[in-house]
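Number of protein chains: 2
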Amino acid sequence: MKVSYKAILPLGFKANAVSAGIKRSGKLDLALFYSLFPAKAHALFTTNSIQAAPILVNKNHLRKNKNFKAIIINSGNANCFTGKAGIRDAEDTAITLAKSLRIKKEAVLVNSTGIIGKRLPVKKIKNAICGLVDGLSYAGMPKATKAILTTDTFTKTASVKFRLGKCFVTISGVAKGAGMIAPNMATLLSFIFTDANIAQGVLNKALKSAVEGSFNCITVDGCMSTNDTVAILANGAAANLVIKKGVPFKVFSRALSLVCLELAKLVVKDAEGATKFIEITVDKAKSTNEAKIVALAIANSDLFKTAIYGENPNFGRISAAAGSSGVEVKERGLKMRVSPLSKKNIRVYVSINRGKSKAVVYTSDLTPEYVKINAEYN
Amino acid sequence: MKVSYKAILPLGFKANAVSAGIKRSGKLDLALFYSLFPAKAHALFTTNSIQAAPILVNKNHLRKNKNFKAIIINSGNANCFTGKAGIRDAEDTAITLAKSLRIKKEAVLVNSTGIIGKRLPVKKIKNAICGLVDGLSYAGMPKATKAILTTDTFTKTASVKFRLGKCFVTISGVAKGAGMIAPNMATLLSFIFTDANIAQGVLNKALKSAVEGSFNCITVDGCMSTNDTVAILANGAAANLVIKKGVPFKVFSRALSLVCLELAKLVVKDAEGATKFIEITVDKAKSTNEAKIVALAIANSDLFKTAIYGENPNFGRISAAAGSSGVEVKERGLKMRVSPLSKKNIRVYVSINRGKSKAVVYTSDLTPEYVKINAEYN
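First to last, the protein sequences are chains F and V. Take 376 as the starting number for the first sequence in our numbering and just add one per residue. Take 376 as the starting number for the second sequence in our numbering and just add one per residue.
Any given hint might turn out to be false.
Identical copies go unnamed one by one, so any copy, or any two together, can satisfy a pair.
Claimed, not checked - In silico DSBU-like pairs for lysine-lysine, Cα to Cα no more than 30 Å straight-line:
id	residue 1	residue 2
1	659	459
2	747	640
3	474	625
4	501	541
5	493	705
It is worth saying that the hints were derived from the structure and are not from the lab.
So that you can see chain F by itself, here it is in the shape it has in the complex (with noise of 0.2 Å):
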């Protein structure tokens, strides 16, 4: 299978954005997701005990909920920390588009991200969606993918086409970054449309394995999000044969899954004030777990990732790192080797020689940059 980095839609989506007025600077700060028929959702949110209003609005249609139809983002604005009129502001902003839509509301999914404990500027998101609606179109989705953006540097897509019988499927993603990025899951938003007919119980199965190898294996910096969120529409367009097991199962995961590994490492990429690309490889461990813990465990140190912006091939602090994971990391059988550092991408392996299993995570330097960012970012 191979991944295409054009911003195409899969059957029966159509895109939108405009600039509503929350962004300071004037940019694309409001993005429409629609499906022309029904679509099966789910999503995976936040493990943060502290969630923005959106993702407690979401989980509650995607409770009373089985047909979506549109996605709506803005960015600017997380709508976290903002209690009760939170909430609110959320729901009425369902409200609005569901009724321009002529949709139930709980057929809208709502996200928001930018800046913690500001009360959304609802008035102009609902004044934006009227035009938001009517420009809806096949080829809205560059602009799409240019609103959802914060301190993002460039846009984050990868779709793969794949055949079912004798149709063609298509599983296209969107992704925004750039910091407080750590697994479960990182800092982002992410939304995946396919044209897939597929089962209810199948389609939450391929997401939470697909985000569980990609999403959940990246850090920027350890710093763990309030509205996390990757949701998926299959709105059946294609016309395949429902996908419920076997080989086309198989084969959807597997294309899933390749396109948010492709959009996670596009995180990574994308990272505040990122000079690296670092693939942390850890392998004989006893478990796949005990692997990622301990890969996330370098990924996550601060001198570590330092030591790359230098270019300096500093393996005693991938060692103290791995004995601090709280894996029985031994010095005795640790192998360590790290790729030429002067390169923008570097692969770091590390072996523990406590059994077979192996995890791969991503991860990007900590450069003066990043700091500059986040204490000027308000």
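With the hints as your guide, set chain V onto chain F.
The following block gives chain V in isolation, referenced to the frame of chain F:
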């Protein structure tokens, strides 16, 4: 009780330092503390599963031996991740020093701090030991406090003097930081000397309790070191009635806690690249441990630390960090206060509405200078 920051030694201790040529800069890099009388000793070490060679040697000496006479420390090389050769090097250092002082090698504690993964230049150390011993004096403390430093910008000493019956007892400590500082324990070496006459069991108990509330409550970068050591020598020269329990134990314990807390705070104040000293109090937790977990999650959040550096009162980042700690902190009932950010000393107060317990931790901001120092360190 009043803390003095002068570099003084209790009765019956001498110190000295020389430049052995381990640091390329030619600065002082080898320190010796010596007790005229056999001293009881106790030490607490890093919980990292990768431990430096001198820690393994010291653990062995503390197991075999009851009377200690000397602590030797080199800076510039951590003698960690150096395998069996590293252990031989640490033992060689102890043997050479023991011969020169005419004591058992087990009466020596050996310590190293500096870069990880490079062989200790043990010949240089052995050559320097003769001069180091010859120059021992009551006035040698200031030199010795300098010789244990690495990236520290100032020496760290604290002492307390108090009366027990008719005798005056002194507890005096030194410490070094300044990066790779995380609790359990902070990356640091600290040596504490007292002329108190005290039973071994209560000495151990007092040290554990003092470290728990001081060195285990600070974090600079969340990175756990391989060499962390806090050691105490108690030589009985004050000639007080032996401290066993009751009021004398309480007074001694309080004084030791005070010395440790002051040293720990000095370590944070000298954190690499730091411009702010941050005290984080978490209140209304179910237990002290729970309060500490939340406080450390905030203290270790790069986004929180960059916000403080930018003098940007970002409550969203505090709540996101608290929510990601694993403790079920809820938006409702979460209260936060931050003192004016234009000052050098910042107080953060977080109340989580779950119980009655409290903890205080200390940290610094994250600055471009921290990144620069650690990108270039080699």
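A quick look at each hint next to the structure:
Proximity of residue 659 and residue 459 under a CA criterion of 30 Å is satisfied inter-copy only: 23 Å between copies versus 49 Å inside one chain copy. Taking identical chains as interchangeable, the C-alpha atoms of residue 747 and residue 640 lie at most 30 Å apart whether they share a chain (23 Å) or sit on different chains (26 Å). Proximity of residue 474 and residue 625 under a CA criterion of 30 Å is satisfied in neither setting, with 38 Å inside one chain copy and 71 Å between copies. Within a single copy, residue 501 and residue 541 get their C-alpha atoms no closer than 43 Å, and across copies no closer than 79 Å, so neither meets the 30 Å cut-off.
Taking the closest pair of Cα atoms, residue 493 and residue 705 come within 30 Å of each other only across two copies (17 Å); inside a single copy the shortest separation is 47 Å, beyond that limit.
Of the numbered hints given earlier, the model fails hints 3 and 4; all others are met.
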